[in-house]
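Peer 1: Sequence:
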Amino acid sequence: MSRKQRKTARSKYFQNSGPVFVPTTHDHGHVLAIIDAVSSFGGEPYARIYRDKLGGDTTTIVSLRFSSYRAKIGPLPPKIAARLRPAVFWNGLRNRAINVPARIDTNPDSPHYLGVWLNTTLKENVTTN
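Sequential numbering from 228 applies to the sequence shown in the working numbering.
Please keep in mind that the hints were generated in silico from the structure rather than gathered at the bench.
Where hints are given, some of them may not hold.
List of simulated lysine-lysine pairs, DSS-like, C-alpha gap at most 30 Å [to be verified]:
id, residue 1, residue 2
1, Lys234, Lys299
2, Lys306, Lys234
3, Lys234, Lys280
4, Lys239, Lys306
Model the full assembly from the supplied sequences, consistent with the hints where possible.
Peer 2: Right under this line is the structure:
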């Protein structure tokens, strides 16, 4: 029996805010695979925000997805996680996860290399190759 997948949900916080940076602390290999897939097939990945275990601790995490590729990026920054806590809690009860557009910083000279920018509707805010 397979696990029931989370459905998508929106957040009012991301509709009114700018881009948010999340450094990649886990699954570097999977992030590189997503970069290869995006460069091969085109399109853009998206991020899902939900509560899950990461390194033994239950926290609000960011998961990057593109096609069949998935990578748990790392925990959401504490200030943003605190603002989203009620929405993440209620969406978790209904087996939903907050969905936002994402972009991976692929510039090797950037201090944010392999980091993920969430809510990237403005392309000038993100450096890419």
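Peer 1: Determine which of the earlier numbered hints do not hold for this structure and return their numbers in increasing order.
Peer 2: Violated hints: none; all satisfied.
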